[in-house]
Amino acid sequence: MKRLDAPDISFKEAFDACIEGVGRAQTKKLYQDNLRPLGPIEQDYAAKATSGELYLLPRIPSIRKVDQTILGDLRKSHLVKLYDQYLRQEGKPGRSIYQRIKVSANGKCPFCGGIGHVRTLDHFVPKANFPTYSVVPGNLVPCCRDCNSDKLNSFPNAMGAQVLHPYFEDEKYFSQQWVHARIIEIDPPVVEFYVLAPEDWGAVDRQRVEAHFLEYGLADKFGIEAAADLPETIQTRTSSLRDFSPDEFSNYLLEKSRTLALPINNWRRVMFLALANSDWFCSRGGGGS
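Residue numbers (full-length UniProt numbering): 1 to 289.
In short, the hints are calculated from the structure, not lab data. Just so you know, these numbers come straight off a predicted model, no measurement behind them. Misleading hints may appear alongside valid ones.
Unchecked claim - Mimicking SDA-like on lysine to any residue, the simulated pairs with C-alpha atoms at most 25 angstroms apart in a straight line are:
id, residue 1, residue 2
1, K48, L214
2, K102, I19
3, K172, A219
4, K221, T120
5, K172, R182
6, K81, K172
As the list claims (entries may be wrong) - Here are the computed distance ranges between Cβ atoms for each label pair:
id, residue 1, residue 2, range
7, P61, D84, 40 to 46 angstroms
8, P231, D200, 43 to 49 angstroms
9, K108, R36, 33 to 39 angstroms
10, D44, R119, 18 to 24 angstroms
11, A158, S240, 21 to 27 angstroms
12, S10, V103, 17 to 23 angstroms
13, T238, A158, 37 to 43 angstroms
14, P231, G91, 44 to 50 angstroms
15, E192, E232, 42 to 48 angstroms
Just so it is clear, CB atoms sit at the ideal spot from N, CA and C, and this is done for glycine as well.
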């Protein structure tokens, strides 16, 4: 929903910061001897993310009470702890990496288009099934609590079922409109959001935006925001713009949609476009007049 630049932090930099926080020399050596080489792991992740093929990464099944061996002598628990105890934990050298990634979104969650405030980092491919990538910076995305909890713990095994990655996706997902809205003609009016991808998009591209929209509950989230915002526009219509003809008011709304410094699929921009295209709303102002 919102493009972010990938962290300018290498896997090696993150790994070294984590290792610096490991107290026991034996544990530190275990990581250093087995989680190598770092470059190919990071490069493979970035390549698959760019091509929409992260679902092809080798995954580890979650088996209760079984701590699987992943790399050499490293077990799943070792790799999960690399994030939980040495990157995320306050007071550890790795925490600076965590903070650098977290603040990169300027406080706005990219998954819901900035509705939620960033509170944590999301593992785009979950560390429960992909522990090798637990501290790969490209797999760590600033996220709000709602989106972090809405996202499924398991990762899909089909290309079309994957949600959008803020760092690596094709530009079309961010520059072309696929979120739309319609006005439900009741009093007060309701703005209903839905997905309609461009006609020239392939089937997988369409499936992915549908998956993203559904997994993060964006219809409800956008609808709630619109319901809180719409009364201001209705008030403007019935007061300062009460003498505008329906066409003039439609043009006003259309221009507002175009001039907002917001991404093309932002709920507010989409809402104003839908209002501009509603003859019913522009004629009545949604206020029953």
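Status of the hints after comparison with the structure:
The suggested pairing of K48 with L214 holds, with an alpha-carbon distance near 23 angstroms, which does not exceed 25 angstroms. Between K102 and I19 the alpha-carbon distance is near 20 angstroms, which keeps this suggested pair within the 25 angstroms criterion. Taking the CA atoms of K172 and A219, the gap is about 21 angstroms. The hint holds against a cut of 25 angstroms. The straight-line distance between the Cα atoms of K221 and T120 is roughly 19 angstroms, inside the 25 angstroms bound, and the hint therefore holds.
At most 25 angstroms may separate the alpha-carbon atoms for a hinted pair to count; K172 and R182 meet this at roughly 23 angstroms. With a C-alpha separation of about 37 angstroms, the suggested pairing of K81 with K172 is violated against the 25 angstroms cut-off. In this structure, P61 and D84 break the distance hint of 40 to 46 angstroms, their C-beta atoms being roughly 20 angstroms apart. The hint said 43 to 49 angstroms for the Cβ distance between P231 and D200, and at roughly 37 angstroms that hint is violated.
In this structure the hint that K108 and R36 lie 33 to 39 angstroms apart at CB holds, the actual value being about 36 angstroms. In this structure the hint that D44 and R119 lie 18 to 24 angstroms apart at CB is violated, the actual value being about 29 angstroms. A158 and S240 have their C-beta atoms about 51 angstroms apart, which leaves the hinted 21 to 27 angstroms range violated. Checked against the hint of 17 to 23 angstroms, the pair S10 and V103 passes, with Cβ atoms roughly 18 angstroms apart.
A beta carbon spacing of about 49 angstroms between T238 and A158 contradicts the range 37 to 43 angstroms that was offered as a hint. Distance hint for P231 and G91: a CB-CB separation of about 47 angstroms, consistent with the stated range 44 to 50 angstroms. Evaluation of the 42 to 48 angstroms hint for E192 and E232 yields a failure: the beta carbon distance comes to about 19 angstroms.
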